[in-house]
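Quick mapping for you: the protein sequence lines, in order, are chains A and B.
Numbered per this note's numbering, the first sequence finishes at 370, counting up by one with no gaps.
Numbered per this note's numbering, the second sequence finishes at 370, counting up by one with no gaps.
Warning: the hint list may mix true and false statements.
The list makes no distinction among identical chains, and a pair is therefore deemed to hold if it is satisfied within one copy or across any two copies.
[To be verified] Lysine-lysine pairs mimicking DSBU-like chemistry, simulated, CA-CA at most 30 Å apart:
no.	residue 1	residue 2
1	Lys292	Lys46
2	Lys292	Lys263
3	Lys287	Lys263
4	Lys90	Lys287
5	Lys90	Lys71
Calculated directly from the structure, the hints in this document are not laboratory data.
There are 2 protein chains.
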Amino acid sequence: MVERIAIALDAMGGDNAPDVVLAGANMALKRHTDLDFLLFGDEARIGPRLRRFRKLARVAEVRHTKERVTPEDKPSLIMRSGRRTSMRLAIDAVKAGTAEGVVSAGNTGALMAMSVLVLRTLEGIDRPAIASFFPNARAESVMLDLGANLQCDARNLVEFAVMGEVFARLVLGVRRPTIGLLNVGHEDTKGNEVLREAARQLRLSFLAEQFEGFVEGDDIPAGTVDLVVTGGFAGNVALKTIEGTAKLINGFLREAFHNSIAARIGYLFAKRSLDKLRVRTDPRRYNGAMFLGLNGVVVKSHGSADALGFATAIDVAVDMARKNICGHIGEEIAQIAGQPAGEDRSNGLRAAAS
Amino acid sequence: MVERIAIALDAMGGDNAPDVVLAGANMALKRHTDLDFLLFGDEARIGPRLRRFRKLARVAEVRHTKERVTPEDKPSLIMRSGRRTSMRLAIDAVKAGTAEGVVSAGNTGALMAMSVLVLRTLEGIDRPAIASFFPNARAESVMLDLGANLQCDARNLVEFAVMGEVFARLVLGVRRPTIGLLNVGHEDTKGNEVLREAARQLRLSFLAEQFEGFVEGDDIPAGTVDLVVTGGFAGNVALKTIEGTAKLINGFLREAFHNSIAARIGYLFAKRSLDKLRVRTDPRRYNGAMFLGLNGVVVKSHGSADALGFATAIDVAVDMARKNICGHIGEEIAQIAGQPAGEDRSNGLRAAAS
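Isolated chain A, as found in the complex (with noise of 0.2 Å):
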């Protein structure tokens, strides 16, 4: 028997709340009935939208606050302005064991930040980050980090090798993940003494055999490895234009489709394949960024996500919570711990995400 298991909603984040986030946790619902939810926010908004979801209705506890944390908060005063806003509320639920982990589609920024006040960086790990997965031309890619940490030193490259291949590994499935370092060339001379540090680092690590060097940005949608670990600035700029790459390409299809009468007949002919592939590469489907490196499951949705999109973050979260993803990732960091950190650690230039 699989037990019962609770994951707190900040039912005021993103776009479209709280209606996105009781859809989302309904559809969700369909997939693991086992679920239970906290969904923190102004009763009076989501007691009259839950009650159309009756089976949601039965799983779900609204945690009244009439605080949220809005797009333009600031995360370093909102980290301590904020302490009854329905994000940082749904953070404590899993800091207090409540729940077993937090789905946000508000503020990215306030939400990292209030997660590492609350849960802490997992015992070994320097900083967090930020990690995502979407399709490439195998499988899926698991790519991070996406931008909490734009200036990063070999070590902290190190510890997102370590997290994203477990996070691959027990969430994605993959056997053996292998591991790409993102430069600006494949030889092993490429790129700044950080990156070279690093690549020095996985060699002599456990992870060795899984590295497989440094990987290109075209590397990235290619799937010639399943991780791709990188700085996050880097990786903020490699996923955004991964994104808007794929809707350009998708805008001057519907042109050409829409270009001729034949061209619209064909579209007819090819309608039903062409929307297998549009479902297979659904950012819906992908939607949700993993906050790895924390005492606690956190899983930040699109703020302009939608129902099927929240569920799919709510999806990924259960599945962290359930494999032990924190567990894991503490275990496995500890098998670097010994190791020496190198000389860069101290130079290490920092700037921190605002």
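Starting from the known structure of chain A, arrange chain B on it as the hints suggest.
Chain B in isolation, oriented as in the chain A frame:
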């Protein structure tokens, strides 16, 4: 009457040299009848092939050398030891004024190192940059730097903006190019101090009205701005990610159109329209990376480019020479030379591209 213009070609650079170089030059000659070529390389290999292109043979002159730069050559070494290589001699021809531009499909690092050594950077330019252009949702985007400078200070980024703006205006014909600085968010507080300082300097410069602030990865394909300015690491990652994603989606589509008989029929109906799209987004039409900031026109072709791609790279070099890009960049950079360079300049960390 248009004056004749001579272009120096590294006939031995690239995967399929010298065949592609000759076929590409021949193709370019059909578009610009007023071209002369200096072909640097092994006469024994170039001569017999050249005779096959009768028109080209009339305007091309072979300058024999046995030596060539290989893809494995280290830029820092070959730049000293490679004085008799076809690449170096082709650059020398620009320096000597016997050619008005050079095109090579060889080793990028070596081409940049030798070009800087021989041609020198323009006065007022700290570091040359690699730029490229490609289709976006509206028209065409220019982006730089694409990998010549892995770590940039604010002043470098401002110089890139000046150089890219001149290119977009004079070569692409954008009347008043808009400019964006690549970052992880649009808000002024995003990113690191270098980016914020560069934004500040651009707002004080003569480009202030064209500067639209920070842009994100998805703004590149969206064409939010005409010119995307970035450090070489993120620029390289973004460009290759765009190329890789386009390739991935093409692969998915090819698969989708072969999925079923209906899809194959659909493809036949839509073929003409899809072919138009293919032509519009054909990477060969965007081949050629421009080295900006040098005392001379240098264009790098993709190593794997075919004749059409190589011809495009020649086209770009001809346009750059004819529009006197270097002269205009020199004039524009003088306009910001008087501005305070910002404190971060002396502290700016750099990593040489290797």
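Consistency of the hints with the structure:
{"no.": "1", "hint": "Lys292 / Lys46", "verdict": "within (22 Å within a copy, 44 Å between copies)"}
{"no.": "2", "hint": "Lys292 / Lys263", "verdict": "both (17 Å within a copy, 19 Å between copies)"}
{"no.": "3", "hint": "Lys287 / Lys263", "verdict": "both (18 Å within a copy, 21 Å between copies)"}
{"no.": "4", "hint": "Lys90 / Lys287", "verdict": "neither (45 Å within a copy, 51 Å between copies)"}
{"no.": "5", "hint": "Lys90 / Lys71", "verdict": "neither (37 Å within a copy, 66 Å between copies)"}
The structure fails to meet hints 4, 5 from the earlier list, while all remaining hints are met.
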